Each structure stands twice: as structure tokens, then as C-alpha cells.
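Dock chain H against the given chain X, drawing on the hints supplied.
There are 2 protein chains.
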Amino acid sequence: MTGVVESSIGEVAGFKVAGVNCGLKKDGKLDFALVVSDRPCVAAGVFTTNLVKAAPVLVDMDVLASNGEAIRAVAVNTGCANACTGRKGIQDAHVTASWVGEALGVRQESVLVMSTGVIGTHLPMDKIRQGVRQASAALGDDWTAAATAIMTTDTRPKLASICVTTASGQTFTVAGISKGAGMIAPNMATMLGVIVTDAALPLASAQAALRSATEYSFNRIVVDGDMSTNDTVLLLANGASGVTLDNDDDLARFEAALRAVCTKLAQDIVRDGEGVTRFITVNVTGALDDAAAKQIGNTIATSPLVKTAFYGGDANWGRIIAAAGRAGVPLDPERTRLWIAAGETSDPGAFSLCLFDRGIAAEYSEAEATEIVTQPSVSLLLDCGLGDGQATIWTCDLSHDYVSINGHYRT
Amino acid sequence: MTGVVESSIGEVAGFKVAGVNCGLKKDGKLDFALVVSDRPCVAAGVFTTNLVKAAPVLVDMDVLASNGEAIRAVAVNTGCANACTGRKGIQDAHVTASWVGEALGVRQESVLVMSTGVIGTHLPMDKIRQGVRQASAALGDDWTAAATAIMTTDTRPKLASICVTTASGQTFTVAGISKGAGMIAPNMATMLGVIVTDAALPLASAQAALRSATEYSFNRIVVDGDMSTNDTVLLLANGASGVTLDNDDDLARFEAALRAVCTKLAQDIVRDGEGVTRFITVNVTGALDDAAAKQIGNTIATSPLVKTAFYGGDANWGRIIAAAGRAGVPLDPERTRLWIAAGETSDPGAFSLCLFDRGIAAEYSEAEATEIVTQPSVSLLLDCGLGDGQATIWTCDLSHDYVSINGHYRT
Numbered sequence: 001m002t003g004v005v006e007s008s009i010g011e012v013a014g015f016k017v018a019g020v021n022c023g024l025k026k027d028g029k030l031d032f033a034l035v036v037s038d039r040p041c042v043a044a045g046v047f048t049t050n051l052v053k054a055a056p057v058l059v060d061m062d063v064l065a066s067n068g069e070a071i072r073a074v075a076v077n078t079g080c081a082n083a084c085t086g087r088k089g090i091q092d093a094h095v096t097a098s099w100v101g102e103a104l105g106v107r108q109e110s111v112l113v114m115s116t117g118v119i120g121t122h123l124p125m126d127k128i129r130q131g132v133r134q135a136s137a138a139l140g141d142d143w144t145a146a147a148t149a150i151m152t153t154d155t156r157p158k159l160a161s162i163c164v165t166t167a168s169g170q171t172f173t174v175a176g177i178s179k180g181a182g183m184i185a186p187n188m189a190t191m192l193g194v195i196v197t198d199a200a201l202p203l204a205s206a207q208a209a210l211r212s213a214t215e216y217s218f219n220r221i222v223v224d225g226d227m228s229t230n231d232t233v234l235l236l237a238n239g240a241s242g243v244t245l246d247n248d249d250d251l252a253r254f255e256a257a258l259r260a261v262c263t264k265l266a267q268d269i270v271r272d273g274e275g276v277t278r279f280i281t282v283n284v285t286g287a288l289d290d291a292a293a294k295q296i297g298n299t300i301a302t303s304p305l306v307k308t309a310f311y312g313g314d315a316n317w318g319r320i321i322a323a324a325g326r327a328g329v330p331l332d333p334e335r336t337r338l339w340i341a342a343g344e345t346s347d348p349g350a351f352s353l354c355l356f357d358r359g360i361a362a363e364y365s366e367a368e369a370t371e372i373v374t375q376p377s378v379s380l381l382l383d384c385g386l387g388d389g390q391a392t393i394w395t396c397d398l399s400h401d402y403v404s405i406n407g408h409y410r411t
Numbered sequence: 001m002t003g004v005v006e007s008s009i010g011e012v013a014g015f016k017v018a019g020v021n022c023g024l025k026k027d028g029k030l031d032f033a034l035v036v037s038d039r040p041c042v043a044a045g046v047f048t049t050n051l052v053k054a055a056p057v058l059v060d061m062d063v064l065a066s067n068g069e070a071i072r073a074v075a076v077n078t079g080c081a082n083a084c085t086g087r088k089g090i091q092d093a094h095v096t097a098s099w100v101g102e103a104l105g106v107r108q109e110s111v112l113v114m115s116t117g118v119i120g121t122h123l124p125m126d127k128i129r130q131g132v133r134q135a136s137a138a139l140g141d142d143w144t145a146a147a148t149a150i151m152t153t154d155t156r157p158k159l160a161s162i163c164v165t166t167a168s169g170q171t172f173t174v175a176g177i178s179k180g181a182g183m184i185a186p187n188m189a190t191m192l193g194v195i196v197t198d199a200a201l202p203l204a205s206a207q208a209a210l211r212s213a214t215e216y217s218f219n220r221i222v223v224d225g226d227m228s229t230n231d232t233v234l235l236l237a238n239g240a241s242g243v244t245l246d247n248d249d250d251l252a253r254f255e256a257a258l259r260a261v262c263t264k265l266a267q268d269i270v271r272d273g274e275g276v277t278r279f280i281t282v283n284v285t286g287a288l289d290d291a292a293a294k295q296i297g298n299t300i301a302t303s304p305l306v307k308t309a310f311y312g313g314d315a316n317w318g319r320i321i322a323a324a325g326r327a328g329v330p331l332d333p334e335r336t337r338l339w340i341a342a343g344e345t346s347d348p349g350a351f352s353l354c355l356f357d358r359g360i361a362a363e364y365s366e367a368e369a370t371e372i373v374t375q376p377s378v379s380l381l382l383d384c385g386l387g388d389g390q391a392t393i394w395t396c397d398l399s400h401d402y403v404s405i406n407g408h409y410r411t
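Protein sequence lines, in the order shown, are assigned to chains X and H.
If you count the first sequence from 1, position 407 lands on 407 in the numbering used here, and the numbers rise without skipping.
If you count the second sequence from 1, position 100 lands on 100 in the numbering used here, and the numbers rise without skipping.
Next comes chain X alone, as it looks inside the complex (with noise of 0.2 Å):
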């Protein structure tokens, strides 16, 4: 059995977390965090697939690859990327690590590393060093802390929790905190996750319950369609439940779990996403297979076009059948619906409202659909009528405070 997902985290057996200000961001704000466990886990990651990886993912992908069943720790600090810094870089993600490690008392190949900001710029390894000093020293169960240190241009601190019960009647705990409002592409973005469960399960099913959670959550979620050199999503799992996930019955109840922390984290990245206005449920049905449902939805999410009339309010299929249509991939207009809703649904039966008919506007009042577009919350269904493809992307709108907050990052 699967409880509901929370916003918060209390205590998971094992973890202790810590967030703090160590001078990277002004104001005093907390830009320095650590997730640390009190025994080695079996640690799973997913990462970037940009072509110009930062150096914490890059040392992260050899850390999992060598040691990736005893990890005890997680850095992550924000205001510089440590993205294109060449070697030096590569150096002082292994300092940040031996920092932790010797502030924890663990190897250094125990600890992972994260990093999020402006591109190009060398960590303040002073102001890193401090930070690890007063983190180690702060670890306790303030995980909103931990979420709002690994914040940059979020404006609230994401989290999910959920409380799992095995077929034995045991339970465990599934939780985790993200970031990331901007570079929000289809495959990830300029965001990070750190998940933790204090069940115990094989590497393998990690890595694969993790790369299947983040398909359909941290994969679904478009603000913007850029793709960051930073993007990484960790699980580590400690068994300090007591809990040892060892038949498919259980394990399929984590896997449950960890989709839904995923999704309701992916979801409040778009929620909190740069300048957003309107939250945008985009349902594609009866396309030609999964891949092709997907890569509609990623490109209806994206169209500039289509997200500038979503901030103005405006029903404006026309601009939502043109992105389907350049999508690169079988449509034929004329077997093409649309239908609108108000909320967040992707149940067929909540679209009442038809704007497209196979090939010509349907019959619908232009004032109904604005009062429909106009909520907070917007959903759309796309059936294709081509096949059994299906997929959910989770968007946003395109405002003009998204382009004060990116015209003007650096400065």
C-alpha cells in the first residue's frame, strides 16, 4: 500500500540533512546543502545527456560506476555551475568531496557532489569550505532547509514525501527535494534531485526503478526546452527501516512510491518554473506509439508560440495543431481532436470542451474556452487518431517575467 505524497519530509531513518549560508549566495540566503547517511547506501543517478557535462556530474558517473552500493553523502552547492572549467574544475569537485569526507569521517569516494549557477566560473573553494564546515556541523531532520539551500531561481523549496507499507506489513519511506525553474528541457534540465528511501534494495533495481521514475516525471516537464550541463537526479537507499525490498511485490510498491515523489517534484519545478503564470497538462492520445505521443507533447510544450497565447489567455488551437503538426512524426489533421479543461486532468472524461474536429474548428463558444484557458490550471487532450501512443507533459507559459529573469541572470 502507497500513502499519499506530502509536501513535507520528517525523519527518514538514517538521514540526516543540513542547509546553510556560506556566502555563495547574497542576503544570507542558504546555498550550501548536505544529505548524509548514517551507513553506506546503494546509491543509483541519472544525469544530463547534454554533450557538455559539468564536472560534479562527470566525477559523480565514476563515483556511482566504482562505489555506487556504499555512499554515505551528498554536497550540493548553488550560485556556480562548475560547468565548463576544464580541469581545475574536475580538481575541485574531488576537494569539495574530500571536504565532506573528512568533515564526516567517510572516504572521499563515498560522497557525491552536485552543483547548480552560472556556467564557466570556478567554485569559491573558500567560501565551499566553509560551507562544509558549518553543514557537517548543522545535520538534524530540517530537510526544508536542505531543499531551500539547494535553491536558485526558485522562489519556494520543493519537496515529497510518501509513507509505503510492504505486503508484510512493514513501512518505509520514499522522499526527496529537487530544484530547478529555468533550462527546463523534455529530457531534464538545470534541475537537481536528491531521493532517498531508508528501505534496502539491489543496485540494479535502483538504477532501474530510478531511469523508469525519471522518464515519466523529470523527463515529462518542459519550461523552457533547454537542456543544462548540470541536470542529475540521485537515489540513495540506506535500509535503516529495516525493510529489504527482496520480491517483486514490495519492490513493485517502491517503484509506485518513487514515481509518484518524482512527478509531484517534477511538477512543482514547472509550478515554480521562471515568470510562470499557468500550469499546462498536456495529453496526447492515439498517436502512433509512446515515443511519438511524447515527442508531440515536448514539442507542443515547447512552441514559443503556444506558451506566449496560454500568458495571454488566449484559446488559440490553431498555434497547438501547427506544433503537433512540425512535431516530426506521423499526424494526420483530419483524424486530429482537441479538447481544453480547466485543472490539472488527464482523464478523457473531464474534456468537455471540443476547440478542433478532425481537420476544421469544431462548434464551441470562444467565451467558454476563454474562461477555460484563463484559470491558473490548464489541460489539454490531443487525441490523434492514429494509434495507442500515449504520454503526459507537464508545462508552463511563456511571460514576460521569464524574459526579465533570463535577460538579465548574470548581472
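By construction, these hints were calculated from the structure, which means they are not laboratory data.
What you were told as hints is all true, and nothing was included just to trick you.
Far from chain X, some chain H residues (derived; all Cβ distances over 10 Å): (1) Glu69; (2) Gly169; (3) Asp290.
Pairwise CB distance ranges, derived in the manner of DEER restraints: (4) Gln375(X) to Gly3(H): 55 to 65 Å; (5) Leu58(X) to Gly387(H): 21 to 31 Å; (6) Asp141(H) to Gln375(X): 51 to 61 Å.
One-sided and incomplete, this derived list gives chain H residues near chain X with beta-carbon spacing under 10 Å: (7) Gly120; (8) Lys307; (9) Ala309; (10) Arg319; (11) Arg326; (12) Ala327; (13) Thr336; (14) Phe356.
Please read these numbers as outputs of a predicted model, since none were measured by experiment.
Just so it is clear, CB atoms sit at the ideal spot from N, CA and C, and this is done for glycine as well.
Okay, now just chain H, sitting in the frame of chain X:
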């Protein structure tokens, strides 16, 4: 010998044009155009690759396939795209052509039609009829009126012409008008273009020349990455100058002139892009092949983060490198270098300021970089260090005004 591309059009032998107001636009603005030849033209067309094609696109494709050596006129309406309009849309396009045929005393099958404007509404046929009447009575040499009458969100008409001298000393003209300010994707856009020449040439040569010229002009511009349902470029050759392009030398001169005219019109579309404050020339060299170079250039030119950084006058090279890294083609940051220069240039010698040098930030003055990227025209040179592939893409920044224009286009 090919002359200089002019931003105006004088007389083109055998062609007459008109631009009139028939009530499609408010405030009496010109909204309907005719381009007419006094004799049959060889005609070629390049159309949107969007699977959702507007009625006039479908009709023109048919007409060119069956009657491509005897075209007499092109009619263009604004205000309504006649896209997603079903069978009635096709019928309306045919009726428009038949009215033009009647008014000019030519066969309906010799008339091409183009539409641009809102998707999903039917052509207001009473106004179209009025437009045909007025325009056919107003034919003359006022190409500026015709270019003005095809504008939508454009702020100024786009014209280009060039006089070409053949090997034997005869002269002919290549001239064109275009429109398009948003929905400008890597592969055409909400753009229309009509190119005419008073030279004669074989149909196959016309089609090949137009396809090649389009590939290096209209297919190399990006405003927002959206591709419309209506994109069309037509070439009409009537031979009224007495020049027949019947040898490779003269054909090459024609092709160069056509490409020059198309490039001028394409660049003018970007310069007049929705909300544009900066014109950006993206040069990619050293890619694995030309297709990879184009892909990298398009990804950079389409990136909202790159475009907003340019709007803000921020030399944020990290976003450019990150965009290149997600283009889906080979890139090795350790071999990649990025330069910038003020103005419009594709000459490698013009780039003196290196921002990124093989994996790491170059040593440069931020003040000097800011001085360059705050110019009205900025050029990039990204050398991938992998092969001989190269491409040049023209694009613009993403501003508050783009969001304003597209957030409230229909209202």
C-alpha cells in the same frame, strides 16, 4: 555579372502588381496583393513541411504540379490563414483563384493563392471578392504597395531586387517581396515570399534553383522556432526581358542572384522579427558535416536562454555552449572554441574576442564582451574542431515585446 541587391523594386518586364485594402485589416491598411505577368510563367514553389498544411498550400502544390509552365498570377490575402478550414477552405481557395482568373481574363489553373493570418477561420469571401476587383483594377509598378499588403505583424515591407548581366551582355532582373515576423522556424515560417524574374528558364532549373536558394536563406533564419501551416515561397519566370537562361554560365549567374535576393529577404524577416532588438549571426564551423553545423546553429538560435541573454546584453557564453551540447550531433567541448564580434559577419578574420577555448573560459575582458553584445548586430563563431562542416544561421533576441505581441495576437 551580378549587381548589388537593392531594397526596392523598379520595373520588372512583363510583371504588374497591386496592393489594396479590402477590409481584411482594420484602419484601411493594405491587405490584399496581386502579382500578375502579361505572359505565362514557368513557376516553382517551396512549401511548409508542417503536416498541417493550409488550404492555399495544398491548392498551389496541385496547380504547380499540373500547370507549372503557364502561371499568370499570384493573389495574397492577409488577416486569415485559411488553415484548418476543411473542404470549405479548399473550395474558398479555388473560388479566389477563379475570381482572379475572371478579372484578368486568364484560366483559373494559372492562378496561385497565398494566405496568412489567424488559423482556423474561414476566408471572408465578400472581402476577398472586393480585393480581387480592386487589385486587378490597380495593377502597376508599385511593388512597395504589394509588399505592404502582405504584411501581418511585420512593421515594414520587405523588397529586394538585383540586375544581372549575362555572359553575352544582356540584362535581366530578379526581384522579390516577403513577409513574416513570428513563427519563424529553422525550416521556414509564417512567411510568404514571391520572387519574379523577367528571364526565361526551364521548369526543372527553376525548381532546383529555388530549392537551393531557400535552403541557404529562408531555411537559415530563426525567430522563435515555430513552423507555420502556410509557409510558401514562389518563383515566377516570364522571359519578358528576352533573356533565356540556356547555358550553365548564365544559369549560375541567375542562381547567385536568386540566392542573394532570398538572403536579403530572409535577413529582413529576422531584422523585423517580433520584438527584435538585436540581429544575431550564428556561424558554426568545424562540425562533423554541414548538416551537423546547421543543427548546432539552429539549436543555439532557437534557445530561449541564449535569446533572452542577448536581449539583456549579457555575453553568457555558457548558454551558447550548453545549447550546442544538446543539439543531438557530435560535439566535444574540449575541442570547441567560441568567438564574438560586433556587426554582421561570417568572416573568421573578423572575430578577435574568444570567450570559450577548448573546455574552459578564455581570458577576456567582460567589459569588452559586453560592449560587443550590446550592439544592434552581433556575430558568433563557434568552431567545433571536428571536421569541415559549416553553416550560418540568422536570428534575433527574445524580448518582452515578443511576449506581448504573441500573448494577445487574436484579441
